[in-house]
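Undergrad: Using the hints provided, position chain L relative to the given structure of chain S.
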Amino acid sequence: MNKLLIAIIAGAGFAAADGAFAADAAAGKEKAQMCAACHGPDGNTPMTPEFPKLAGQPADYLEKALRDYKKGVRKNPMMMPMAQGLSKQDIKDLAAYYASLKGDLKVKY
Amino acid sequence: MKFRSLTNVGLFAVLASLAVPLLAEGDPVAGKSKTSMCAGCHGIPGFRAAYPETYRVPKLGGQNPGYIVAALKAYKAGERNHATMKAIAFSLTEQDMADLAAYYADAGNK
Chain S
164 MNKLLIAIIA
174 GAGFAAADGA
184 FAADAAAGKE
194 KAQMCAACHG
204 PDGNTPMTPE
214 FPKLAGQPAD
224 YLEKALRDYK
234 KGVRKNPMMM
244 PMAQGLSKQD
254 IKDLAAYYAS
264 LKGDLKVKY
Chain L
120 MKFRSLTNVG
130 LFAVLASLAV
140 PLLAEGDPVA
150 GKSKTSMCAG
160 CHGIPGFRAA
170 YPETYRVPKL
180 GGQNPGYIVA
190 ALKAYKAGER
200 NHATMKAIAF
210 SLTEQDMADL
220 AAYYADAGNK
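Protein chains in written order, with this note's numbering: chain S, 164 to 272; chain L, 120 to 229.
The set of hints was computed from the structure by calculation and includes no laboratory data. Where hints are given, some of them may not hold.
[Said to hold, decoys possible] Here are the simulated lysine to aspartate or glutamate pairs, EDC-like style, with alpha carbons at most 16 Å apart:
1) L:Lys151 x L:Glu198
2) S:Lys238 x L:Glu198
3) S:Lys194 x S:Glu226
4) L:Lys192 x S:Glu213
5) L:Lys205 x L:Asp215
6) S:Lys238 x S:Glu213
7) S:Lys269 x L:Asp225
8) S:Lys234 x L:Asp146
The following block holds chain S by itself, in its conformation from the complex (with noise of 0.2 Å):
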């Protein structure tokens, strides 16, 4: 009885955990507005030439590229500030959705 009671609350923790960690590409469509305003609406059409496209860039460079800027070992005075903002989760779902996301962008050797 003991037994079966851990492994139930331990298989709803890790099920839970998955949850939590799971990207979530259309909720990260919701949390994109700020992002929009510099990177473009399709994430493909940045406001100025130095801002990247991100459209099509894998989600572990996204989501890496965003935990620099909020660890604040990428320093850019645009994007720290922005990253502050953010949790896992956010970080998650902005980089599966923009990952999701057709562009310009290819692998070129």
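TA: Same frame as chain S, now just chain L:
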């Protein structure tokens, strides 16, 4: 008023002529000859950086050339901390950066 706007045009022309030579003009053909240090990672679909964190490296083809230059300058200045990219950017001149940016800005492989 007319004189003033003419003065402004003149001033703008002077400023523009000063500004242009300061910006390195990128040459995509020269850029192609400088990609040997880039292609081993960025030229392989799905390539993962292994240190210090594992993630797929960014796609460069079709990227904004101004951003590529800004990224390389940030590595060189220590504002981005990837060890390999810092070392590579440190070896590049501003002309190299502009040439590489011009090469990668075109998404096509040629």
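Undergrad: If a hint holds in the structure, say so; if it does not, say that too.
TA: Okay, the hints, checked on the actual structure:
no. : hint                : result
1   : L:Lys151 x L:Glu198 : violated (26 Å)
2   : S:Lys238 x L:Glu198 : holds (5 Å)
3   : S:Lys194 x S:Glu226 : holds (14 Å)
4   : L:Lys192 x S:Glu213 : holds (12 Å)
5   : L:Lys205 x L:Asp215 : holds (15 Å)
6   : S:Lys238 x S:Glu213 : holds (15 Å)
7   : S:Lys269 x L:Asp225 : holds (10 Å)
8   : S:Lys234 x L:Asp146 : violated (36 Å)
Against the hints set out earlier in the document, violations occur for numbers 1 and 8.
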